[in-house]
Amino acid sequence: MSDYAATVRAQLDPTRILRLLPLGITLAASAFALVWVLFWAPHTNFGPAIDHPDQFFITLLNGIYFAAELFIVASGFALIFGLMRVVNMAHGSFYLLGGFIAYDMQQHMARGGDFFIPSSSINAWEWIVPALVASICIGALGLVVQQVFLRWNLGQDLRQALITIAISVIIADQVITHFHQGLARGLSWPGFIDRFVNLHAFGIQYSLIKLVVTALGVGVGVLLWLWIYRTRTGMIIRAGVDDRQMASALGVNIQKTFAIVFFVGSALAAFGATVVASQGNVATGQDGAWLLNALVVVVVGGMGSIFGAVAGALLYGLVFQFAASYLPTSATEYAVVFTFILLALVLGFRPQGLFGKPG
Amino acid sequence: MRSLGTFQSRKQATERTAAGTMLVLLAIWPLVFSSNSYWVGYILTQTFAVGIAAASLIFLSAYGGMVSLAQVALYGICGLVLGNLVTSGQAKGLHLGWSPWLAVAAAVGITTAIALLFGAIASRSAGIYFLMITLTFGVIANTFFGSVTTFGGFSGIAGIDTYTPGLVGNHVTQPARLYYIAFTVAIIVYLLIRYIVRTPFGIALQGVRDEPVRMRSLGYNVPLHRTLAFGLAGFMASLAGVLYAWSIGVVAPGTLDLASTVDLLVIAVIGGLARIEGAWLGAFVFFAIQTYVRNVSVPVLGGSFNTIIGFIFLAIVIISPNGLMGLWDMITRYAFGDRGGGSSEPFRELRRIVSDAWFRLKGGAPTRTQSRSETL
Numbered sequence: 128m129s130d131y132a133a134t135v136r137a138q139l140d141p142t143r144i145l146r147l148l149p150l151g152i153t154l155a156a157s158a159f160a161l162v163w164v165l166f167w168a169p170h171t172n173f174g175p176a177i178d179h180p181d182q183f184f185i186t187l188l189n190g191i192y193f194a195a196e197l198f199i200v201a202s203g204f205a206l207i208f209g210l211m212r213v214v215n216m217a218h219g220s221f222y223l224l225g226g227f228i229a230y231d232m233q234q235h236m237a238r239g240g241d242f243f244i245p246s247s248s249i250n251a252w253e254w255i256v257p258a259l260v261a262s263i264c265i266g267a268l269g270l271v272v273q274q275v276f277l278r279w280n281l282g283q284d285l286r287q288a289l290i291t292i293a294i295s296v297i298i299a300d301q302v303i304t305h306f307h308q309g310l311a312r313g314l315s316w317p318g319f320i321d322r323f324v325n326l327h328a329f330g331i332q333y334s335l336i337k338l339v340v341t342a343l344g345v346g347v348g349v350l351l352w353l354w355i356y357r358t359r360t361g362m363i364i365r366a367g368v369d370d371r372q373m374a375s376a377l378g379v380n381i382q383k384t385f386a387i388v389f390f391v392g393s394a395l396a397a398f399g400a401t402v403v404a405s406q407g408n409v410a411t412g413q414d415g416a417w418l419l420n421a422l423v424v425v426v427v428g429g430m431g432s433i434f435g436a437v438a439g440a441l442l443y444g445l446v447f448q449f450a451a452s453y454l455p456t457s458a459t460e461y462a463v464v465f466t467f468i469l470l471a472l473v474l475g476f477r478p479q480g481l482f483g484k485p486g
Numbered sequence: 035m036r037s038l039g040t041f042q043s044r045k046q047a048t049e050r051t052a053a054g055t056m057l058v059l060l061a062i063w064p065l066v067f068s069s070n071s072y073w074v075g076y077i078l079t080q081t082f083a084v085g086i087a088a089a090s091l092i093f094l095s096a097y098g099g100m101v102s103l104a105q106v107a108l109y110g111i112c113g114l115v116l117g118n119l120v121t122s123g124q125a126k127g128l129h130l131g132w133s134p135w136l137a138v139a140a141a142v143g144i145t146t147a148i149a150l151l152f153g154a155i156a157s158r159s160a161g162i163y164f165l166m167i168t169l170t171f172g173v174i175a176n177t178f179f180g181s182v183t184t185f186g187g188f189s190g191i192a193g194i195d196t197y198t199p200g201l202v203g204n205h206v207t208q209p210a211r212l213y214y215i216a217f218t219v220a221i222i223v224y225l226l227i228r229y230i231v232r233t234p235f236g237i238a239l240q241g242v243r244d245e246p247v248r249m250r251s252l253g254y255n256v257p258l259h260r261t262l263a264f265g266l267a268g269f270m271a272s273l274a275g276v277l278y279a280w281s282i283g284v285v286a287p288g289t290l291d292l293a294s295t296v297d298l299l300v301i302a303v304i305g306g307l308a309r310i311e312g313a314w315l316g317a318f319v320f321f322a323i324q325t326y327v328r329n330v331s332v333p334v335l336g337g338s339f340n341t342i343i344g345f346i347f348l349a350i351v352i353i354s355p356n357g358l359m360g361l362w363d364m365i366t367r368y369a370f371g372d373r374g375g376g377s378s379e380p381f382r383e384l385r386r387i388v389s390d391a392w393f394r395l396k397g398g399a400p401t402r403t404q405s406r407s408e409t410l
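So the sequence lines, in the order shown, correspond to chains X and S. Offset between the first sequence (1-based) and the numbering used here: plus 127. Offset between the second sequence (1-based) and the numbering used here: plus 34.
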């Protein structure tokens, strides 16, 4: 009998209840959000999903499309952090510089005009070459930064973060000086993908560009997966993530792997910038925004895991799009609060992120 | 042992003399020099105000092992809340027109509450994770105030400096008043930090910094200590926010953007993340450079003030991770002859730098990196 009383008391223990509180709040909030989007959603642009499934699916596709953009940019950040424990605060500046290099390259190749080239006069190469050139330039820049500034202070993660912040300050200022005063510039997609396609579902006409971007995101993810899980270099990377010292004690040239990973990670920032700047534009100030995006993806998904980056990008992308579309029209300006709520909820349960390893 | 004792006391004596001279000089500055000068009205007042925010950052870093990039966001939030509460009439935002002191108290209270919330969310992380999480807080706060028009919107709230309490007056016509208030608050914050780190809470906080696992097994609530420290730092940052709003008059989302966040980090790092005094030293150096180097063009590369500050920042992080205060510690140890044995700090430090550079040239990684990362 007293056993039973003790059990009851243990279950009613206030600290236990307090510990279960976040779980309850999360479940309740998720359930409410689901009901809201599916059945209720008054005073919103779209109305409940049950009445307007087309809008719901467009929002869903937009979320996945944004997640693909997020993933391309953030996967480089996650890759570098995962292997080297370097928080590359210059990732946003790499993004910015990469976007401008790609823009200048496209202008140089297409010679259509000096501001905006209609996509009809762009062929596939005039998009692919700028993307590759920007990726290689930024990859090389990242490699130089890693070799000169980050190679000799391994393990001092705060100092390395400060060094990359200093570099990001310099790059951001240099971009303003040398690239169109850092003013907004947009690339153009090749003409043949700049159209809408019929999805044959709920009569949705959807932008082919967004589908291509989603495919690019999936492609980058698959290539990274093949690289990390199916090649020798990838094996070394995984070994390095698990135990850097042990890997190098076994005779692996971990420094070479570091260099390769930094090249690829930085190049992905530039590639992502090319993709995003083709859809919208690239301008000073976006370095901070995209550093934030990469941080949120990596913090939510778990530091340094590709699957974490996928999960983080999907969660963030979907939450962002649904918050923007399904808030009452008078409150859409508060959409950013949901990013914060997502972050707070994930960190409340798993300080290491969804797929991160503890410690 | 004996030589170490004399070294400590001589260093302390030098520091006390320097600090005393500095304080006296600063106390009489507006009386001696023209009180309308740029120095009183901008450089020094800003040094005191922003130095407080930097001190809150250094406090967290030096005694809690948490490098927070949310301090700028917190002082910006405080400034924006103050602006919403205190302004009236045609001003942007809520323009509630509260009485100045009440608005200040409310702004500081709200900011501290937000800091406690931020701290609670981030408190189970430490080190580099803490830095990343607080940076996201900062950027989210920036985006929030940039997109929400109810609280002022993109252009922020102007004219806060005309709604100051009578004691503060108008900073344009009476710059000396705000100067002395900022000076006093800075000293109070400094003494407050010095006091807190000696209390049982402060000692436990330092235990949490060094050995979180051991502290937890000793029965201390590690996240709670981190949260409270963060709340305290938020309180200090909010004081800086009030002073900032009074002296600049405009608080906008741009006040708490990434560039400003980095600026505060630069200030703290220039001063040194290990000693509180460094906050104001770093702030002074920053504002002096900002004022006098603004129009100097960078050779070869081109670019503005930010390129210069970036290179200074880079140089300091590479040469002296503990900033100018760390450099000062090195110099005093060398000058006062604390050189007993081969293991004295300046030589060790110097040897580290040289061997770092050597390894860099040779193309390998120095193995002994652990102690450095702990000091930073």
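Note that these hints are calculated values from the structure, not bench results. This one's a predicted model, so the numbers in the text were calculated from it and none came from an experiment. Worth double-checking, as some hints may not be accurate.
Unchecked claim - Simulated DEER-style distance windows between Cβ atoms:
| id | chain 1 | residue 1 | chain 2 | residue 2 | range |
| --- | --- | --- | --- | --- | --- |
| 1 | X | 158 | S | 331 | 34 to 44 Å |
| 2 | X | 252 | S | 333 | 50 to 60 Å |
| 3 | X | 181 | S | 252 | 25 to 35 Å |
| 4 | X | 154 | S | 331 | 42 to 52 Å |
| 5 | X | 332 | S | 136 | 40 to 50 Å |
| 6 | S | 218 | X | 412 | 34 to 44 Å |
| 7 | X | 162 | S | 136 | 55 to 65 Å |
| 8 | X | 412 | S | 333 | 46 to 56 Å |
| 9 | X | 162 | S | 235 | 54 to 64 Å |
| 10 | X | 459 | S | 253 | 18 to 28 Å |
| 11 | X | 477 | S | 235 | 44 to 54 Å |
| 12 | S | 139 | X | 170 | 30 to 40 Å |
| 13 | S | 235 | X | 136 | 55 to 65 Å |
What the hints assert, rightly or not - Residues from chain X shown here face chain S by an in silico Cβ test under 7 Å; the list is partial:
| id | residue |
| --- | --- |
| 14 | 180 |
| 15 | 445 |
| 16 | 481 |
Yeah, the Cβ is synthetic: ideal placement off N, Cα and C, and Gly gets one too.
Okay, the hints, checked on the actual structure:
1. In this structure the supplied range 34 to 44 Å is violated for residue 158(X) paired with residue 331(S), their Cβ-Cβ distance being about 59 Å.
2. Checked against the hint of 50 to 60 Å, the C-beta distance between residue 252(X) and residue 333(S) comes to roughly 39 Å, which is inconsistent with it.
3. Taken as a hint, the range 25 to 35 Å is violated for the pair residue 181(X) and residue 252(S), whose Cβ atoms sit roughly 60 Å apart.
4. The given range of 42 to 52 Å is broken by residue 154(X) and residue 331(S), whose C-beta atoms sit roughly 59 Å from each other.
5. Taken as a hint, the range 40 to 50 Å is violated for the pair residue 332(X) and residue 136(S), whose Cβ atoms sit roughly 56 Å apart.
6. Separation of residue 218(S) from residue 412(X) is about 37 Å and conforms to the stated range, judged on CB atoms against 34 to 44 Å.
7. Look at residue 162(X) against residue 136(S): about 41 Å separates their beta carbons, and that is not inside 55 to 65 Å.
8. The hinted window of 46 to 56 Å between residue 412(X) and residue 333(S) is violated, with their beta carbons roughly 27 Å apart.
9. For residue 162(X) and residue 235(S), the hinted distance range of 54 to 64 Å is not satisfied, since their beta carbons lie about 44 Å from each other.
10. Checked against the hint of 18 to 28 Å, the pair residue 459(X) and residue 253(S) fails, with Cβ atoms roughly 47 Å apart.
11. A hinted range of 44 to 54 Å is violated for the C-beta pair residue 477(X) and residue 235(S), which are about 28 Å apart.
12. Taking the beta carbon of each, residue 139(S) and residue 170(X) are about 36 Å apart, inside 30 to 40 Å as hinted.
13. Distance hint check for residue 235(S) and residue 136(X): the Cβ-Cβ separation is about 31 Å, which falls outside the suggested range of 55 to 65 Å.
14. Checking residue 180(X) against chain S: minimum C-beta separation of about 29 Å lies over 7 Å; hint violated.
15. Interface restraint check for residue 445(X): the shortest CB-CB distance to chain S comes to about 17 Å, outside 7 Å, so the restraint is violated.
16. Nearest Cβ of chain S to the Cβ of residue 481(X): about 14 Å, over the 7 Å cut. The hint is violated.
Checked against the numbered hints listed earlier, the structure breaks hints 1, 2, 3, 4, 5, 7, 8, 9, 10, 11, 13, 14, 15 and 16; every other hint is satisfied.
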